[in-house]
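Trainee: Chain U is fixed; fit chains A and W with the ligands onto it per the hints.
Chains as they are written, first to last, in my numbering: chain U, 1 to 331; chain A, 1001 to 1755; chain W, 2001 to 2179.
It is possible that part of the hints are untrue.
Derived CB-CB ranges, DEER-like [claimed, not checked]:
| id | chain 1 | residue 1 | chain 2 | residue 2 | range |
| --- | --- | --- | --- | --- | --- |
| 1 | W | T2087 | A | D1250 | 42 to 50 Å |
| 2 | U | G328 | A | Q1429 | 48 to 56 Å |
| 3 | A | A1570 | W | T2008 | 57 to 65 Å |
| 4 | A | A1570 | W | G2061 | 46 to 54 Å |
| 5 | U | E287 | W | G2176 | 48 to 56 Å |
| 6 | U | R323 | A | P1710 | 21 to 29 Å |
| 7 | W | N2016 | A | A1570 | 50 to 58 Å |
Rather than coming from a laboratory, the hints here were simulated on the basis of the structure.
Remember, predicted model here, so these are calculated numbers, not experimental data.
Ideal placement from N, C-alpha and C gives every residue a C-beta, glycine not left out.
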Amino acid sequence: MKPISYAVPASIDEALAAIVDLPGAKFLGGGTNLVDLMREGIETPEVLVDVTRLPLAEITETPAGGLRIGAAVRNTDLAANLAVRQRYPVLAQAVLMGASGQIRNMATVGGNLLQRTRCLYFYDAAAACNKRDLGSGCGAVAGHNRMGAILGASEHCVAVHPSDLAVALVMLDAEVEVASRTGTRRIPIQDFHRLPGESPHLDTTLAADELVTAVTLPAEPLAASSRYRKVRDRASYAFALVSVAAALEVTNGTVSQARVALGGVAHKPWRATTLEQYLAGRPATDEEFAAAARAELAQAVGTPSTEFKIELAVRTITATLRRLRDEGGAA
Amino acid sequence: MTLAPERTARPSAPPEADAGPGRTGPAIGRAVDRVDGLAKTTGTARFSAEYPIPGLTHAVLVHAPIARGRIRSIDVAQAEAHPGVVLVLTHLNAPRLTPPPTRMNPMDLSTMAAGSSIAFLNTDEVHVDGQPVAAVVAETLESAQYAASLVRVDYETITPTADFEAELPTAKAVRSMPVLPPTGGKRGDARAAYTKAPVQVDLSFTTPQHNHNALEPHATTAVWDGKKLTVYEGCQNIDWTQKFLAKRFDVPASDVHVVSKYVGGGFGGKSKVWAATLITCMAAQVAQRPVRLALTREGVYRTVGGRTPTRQRVAIGASRTGQMEALIHQATSRKGRVGGEADQIISCSLDLYDAATILAEQKIVELDLMTNTAMRAPGEAQGSFAVESAVDELAIELGLDPVELRLLNQPVDKSPVHGTRYSHRRLAQALEQGRDLFGWADRPAPGTRDGKDLVGWGVAAAIHPAWEFVANVQLTVDATGSATLACAFHEMGMGTATVVGQMVADCLGVPLERVSALYGDSDLPMGPGAGGSGQTASLAASIEKACQAMRKRLDALASKSGMPDGSDPAEVLTRAGEQSLTVEVGADTGPKAMWGQVRFLSKMVMDSRRWMKAATGAHYCEVRVDADTGELRIRRWLSVFDVGRVVNPKTTHSQLRGGIVMGLGMAMGEETLIDTRTARIMNPSLAEYHVPVHADVPHLDVHTLDDPDPQMPLGILGAGEVGIVGVGAAVANAIRHATGRRVTDLPLTLDRIVG
Amino acid sequence: MPVQPRTTPELRFSLNGAPTAVEVDAGVSLLDLLREHLDLSGTKKGCNQGACGVCTVLVDGRRVLACLTLAVQVEGRDVTTIEGVGTPDEPHDLQRAFIGADGFQCGYCTSGQICSALGMLRELDEGVPSAVSESMGAAPGRSNVEVRERMSGNLCRCGAYNGIADAIESYADTTGSHR
Ligand SMILES: Cc1cc2nc3c(=O)[nH]c(=O)nc-3n(C[C@H](O)[C@H](O)[C@H](O)COP(=O)(O)OP(=O)(O)OC[C@H]3O[C@@H](n4cnc5c(N)ncnc54)[C@H](O)[C@@H]3O)c2cc1C
Ligand code: SF4
Ligand code: FES
Ligand code: FES
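Bound-form chain U, shown alone (with noise of 0.2 Å):
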C-alpha cells in the first residue's frame, strides 16, 4: 500500500475544507472497502479523512415523522435501533443480511452506500476494467460474471452494486443529504447511483468533494410490513446473486399498493417501477405476483452465467409478495 498521511478533522466544515485543500484526499468511514481496496492498489487515495469521529453517528426522528441517520453510524447500530426495526423492518434486515458481524460493528451508512463492486475483474488490478480504467475495456463482459447484472447493464459494464442497505433506502425512497464547502443537497436515493451507460467509472452521481451527512426516510406507515430477502452462495457472509426489498398493502384481497426494490441485478439497486405499477388495484394472487415480477424482468438481459438470475429474480419476488401478503402485517 502506497504511504498515506491520516487526518481527524473536528467539523463537518473542516473534513469539507481537507477534501478539497489536500490533494488525493479521501473520506474514510469504517475502512471496510477502502482498505481492501487500497491494498489491492485499486484505490490510491494521499491522505484519508476520517468522518467517524464527526457529529453523523446519531440516528433522530425528523419533523416530518421519519428517521434521519448520520452517515457515520455504525450498520450495527442501525439494525440494532428499535425505530428502524419497528418502522422500518427491511431496512433492519438488509443490513443484518450484509457481510458478518464483525463488518457491520465497522462499517458507516455513508461507506456502505459508497462501497465498490464486487466484480472479479475490477478487484484484479491486472485485468481489464472500465470502472478502474476507462477505455480498457471489461474484462467481465466475456469472462466470470456470474454475479453480474442483468438490468440496465451496458457493453462497458455489467457489474452489480453489492450494497444490500441500498436497496431497502431505495424502496423506501429515502434521501441522501449532502455537503460540500459550496452547501449542502438531497439527493433521492433512486438518483444517488447510476447505470453504467458510457461511463461505469462514475458509480454515483456524489461529486469528489461531497460529504454524505446523512440519510432521511420517510414517514411510512406501509413499511412497517416490510420485508428483505437475499439469496446467495452460502447461508451467510456472502453478496446476493438477488435480493428483493418489498413492502406490500392489501385491502380486501386487492393490492392497494406495492413497493419493490432489487439487489444483486445491476449497477445501482433497482427500482421495479414496472411492477409497482402493474399490481395497483390487482388481485393480491400468486399469479399476479409472478405476472408482475415477469412484467419488471421483460427487459433483463443475461449472459450464458447470469441468465438463471432472471427466472430466479421472479420466484424471489413473487415468494417475498407472498410472504408479505399471507403475513398481512409486520415483519
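Mentor: For chains A and W with the ligands alone, kept in the frame of chain U given last:
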C-alpha cells in the same frame, strides 16, 4: 410420517468426557483433551510467521500477471531506492540453485516435494500466471509491500492454453505407478457386460478446481548461519522439506534445520516445497539477514497448487434385481505443463462394489496452469461424487432402496479388481448402523414438501485406502517416571500430539499425564509425512516397537535389582541409579538409513499385494431445497465410519467432521474460477471462494465402529480423509430425492438445482 | 485552523488494559501493528481481505476485523486481543470451554473465534437482532441457529464448527446472561 425437526440441541455431554488427570486404565479410547489446547486458545502457540527473530527482514513477492512468456526487462531501481529496502531479488541476481527434479524418484521420495519444475528466479521464463518474478526484502513489511509495487517488469507474452473442457480431446492416458495409488484397474470385459446389462445408467460429471485454503497462509522464515540454514515453516513433510532444500541449495541435509511446530491447516497444500519457501531461503542467503515471507491469500492461490478439476463418466449395468454386472469409471484430470500428478480419481470404483466386471481408467490434460497437488482425499473426493451419484441413479432406475442396492453389491472378502484380501471390511455395518441411527425407514416420499421447502434424504458410501510410512521415534523414560516421545511428526490439528501420548501411556504402562511428545522439528528422528491419513498408524507401529524395546530394557534392569517384570519405570531407574533410558526405533535410524527406506518401501509394495486396507463409512443426510429459489440447506447429517481403532474419540470425531465440512464445501460452493483467456485465477480470495461458514453446518452426528483392523498398527486405519469422501454425492442424492433433478456438476449451486 | 494530516502519527490507545503509545505509519493496519510491531501474534492473519475473521479483536468491547482497521483509527480506544482475554496460567472460561468441547484443530482461527464469540454474546445481551431472528421488533433469544448465523464471519477451514458452537453455548449457559 413425521419430519425430523431441525436439530438445535447439543448433545448434553461430549461423548466419554475425559475424567481428567489421575485417571487410571487404558488411555487409548479415551476422549482426552488436546495437549496443545491452552497454547492454541490463548494465542500463545507460535506459527511459522510468528517467531521473534533478531534482525528479521520481511519479503514480499512480485507475481507475473501473465501465464506464459519471458521477462524482457525488469526495472528495480525505484524499488531499491524506497526507504527500508534491503534487497530486490530477481532472476538477475538470485543465487543459482540445483535445478528441481523433473520426475519423482522412488529411491528418494523427497523428489516428490517439488511443487513444480520451474526454476524460480533462475530463469527469465514465465510458465504460470502468478509465478514470482521478484522478491523485495525490507526492514518492515510495509516498506517491502510498497516497494514490491514499484518493480516494473516488461514481458514478452505467449497465449496460454488453459481451457480444461476445450482441451479434453488432447488428454493422454495415465499409467499407474508403483508406490503411488492406482489410477486404473480392470476386471473382465466391462464394456461388453455393460452393453448386455438389462438396466443401465450412464452419467457424465464435472468437478471444478478447488483450493485448500488452510487459514494460515504459507509462511517461511529463513535464517542462514554460514552454510547452515534454519527454516521455520508450517509444513506437512519436514523430512522432504529438509532433504529437498538441502539438494536445491547444495548443502548436506544435516545443515538444514526445519522447525514446524504448529501448522495452521494443510489438507495437502503444505506437503510440497513451493516457490515462496525457496525464494525466502535465497533471499536470506543474499541479504545475509533472516527473512520472513508470509504469502498473501492471493499469493497462496497463485503459487500453491490446488485440486485438479475432473470430467468423469460412470456407467453401471445391472440385473433387474440389482446385481452390478458392469461398472465403468473413466476420468480425466489436469496437470500443469510444469508438473503435478494425476489424482486417483477412479480409486473408489476399484473397491466400493463387487461388480462382475469393472473398468477404471484415467486420462490427463496438460495446461499452462499452476501444477495441481494433493488435496484431502485426492481423487477419492472427486471420484466418489461421480460413482456414488451414479449408484443412486441406478437405485432409482431399479426401484430399489439405495442402501439395499449398496449392501447387495458389497464385496465379501476380496478386492474385486486386484484380488487382494480385505484386512477387514466393515462398510456394510457402517451402512446398516447409519440407516438405523438416521431412521432411514422413515424416509419421506420423493418431493415431499415442508412449507416452502422440498425435503430430500440422501445416502452415500465412503472408502479411503490406509497408508503407512516410515516413522523413526526415540523414546526416553527418566527416573521421575516421565516418558518422552521424540519424532518429527506434524500437528496440523489432527490431534497427533495428543494421541501419541495415549499410545505411549498404554504401550508402556505409564499414566497419561507422565507422557509428553516432542515433534515438528527436523532435529528429531524422522517422522512420517502428514498425508494419506497415515501419520497416526505409522507412528503407532514405531511406538509399539519402541515401548516393547523399552519394556525389555526396563525389565532387564529390574531383574538386576531383583524386581519383577513390568515394575514401575521410575522405581526401576532409581534403584538402578540411572537418570534415564532411551531407545530408538524406525526403518531408517542409523547409518544405513537409505536401505531402511528401501526395505520399508518394498515391504509396503509387498503388503499392498496381499492386503487391501481401507477406512470406510456411510453418510446420511437430510436437505431442504427452497422450492422457489433452489437455496440448499443441510438440515441433518449422520455418518458412521470404520476407521479401525479410535485412539481418541474427541480428536478423531473432530477430524471426521472436518472432512465432512470440507465435503460440504465441495458440494455447496467451492470453485476456483480460472479465466481461460488469461489462465488466471479470478477469485483468489476467501470472499469469492465460498468455503462453508458456521451457518452452513448443522450438528454433524458422527459415529465410529471402533473395530481395530487386524493388519494395521494398533488397528488404526486413519481418519483424516475418509470423512470427505462421498459427501458431495450424499448431498446430490438428497437433492435428487427432494427435487427429482440429478445435478452432475459441482458445486451444487441453486441455479443447477432449480435451473 | 485547517486539519493537519499526519504520515506517522503517534498513536495512544489502551491495549489489553495497558496504556500504549506507538509511532506508526498511517497506512499500517491494526493487525500488522499487533503482529509485526508489538509482537502480539495471537491475533492471526488469514486473508487480509476481511473475509475470514481470524483477525477479530475487540475495540471498546465490540468485535472488529483488525486487518481492515487502520491502527490510527483506534486512537483513544480500548483494544482487547486474545492475549488480553486470558493466559495459559489464567485462561478465560470461554477458552476452557473451547478446550473441553474441542472447538479447534489447527488453532489458527481460534483466537478470532474466541474474541468474536465474546463480542457476539455482548451483542445478544444488547438485543442486537440477526438475519435469522424471528422478528425485527422483539429482542432475539440465544439459540444454536442464532449463534451459528452470528459467528458466520469466522471461518474454520478445519471444520471445527460443531465444537466451536458447543463451546460458546456451554460457556453462555454457565454465565447465564445472553438471554
Ligand atoms: C468479506 C466482505 C463481505 C461483505 N459482504 C457484504 C454484503 O453481503 N452486503 C453488503 O451490503 N456489504 C457487504 N460488504 C461490504 C461492507 O458492507 C462495506 O465494506 C461497508 O459497508 C463499507 O462501509 P465503511 O464505512 O467501512 O466504508 P469505507 O471503506 O470507509 O468507505 C467506502 C467508500 O465510501 C467513502 N465514504 C465513506 N464515508 C463517506 C461519507 N460520509 N461521505 C462520502 N464518502 C464516504 C469512502 O471514501 C470510500 O470510497 C462486505 C465486505 C466484506 C469485506
Ligand atoms: S463489469 Fe464493470 S467493473 Fe467489472 S470489469 Fe467490466 S467494467 Fe470493470
Ligand atoms: S485476516 Fe482479517 S478477516 Fe481475514
Ligand atoms: S481450527 Fe484450523 S481453521 Fe479453525
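Trainee: Next step is simple, just say for each hint if it's right about the structure.
Mentor: Here is what the structure says about each hint:
1. W/T2087 x A/D1250: 42 to 50 Å: Holds - the Cβ-Cβ distance for W/T2087 and A/D1250, about 45 Å, lies within 42 to 50 Å.
2. U/G328 x A/Q1429: 48 to 56 Å: Because 53 Å falls inside the window, the suggested range holds.
3. A/A1570 x W/T2008: 57 to 65 Å: holds (59 Å)
4. A/A1570 x W/G2061: 46 to 54 Å: holds (50 Å)
5. U/E287 x W/G2176: 48 to 56 Å: holds (51 Å)
6. U/R323 x A/P1710: 21 to 29 Å: violated (58 Å)
7. W/N2016 x A/A1570: 50 to 58 Å: Given about 42 Å between the Cβ atoms, the range is violated.
In summary, the numbered hints that this structure violates are 6 and 7.
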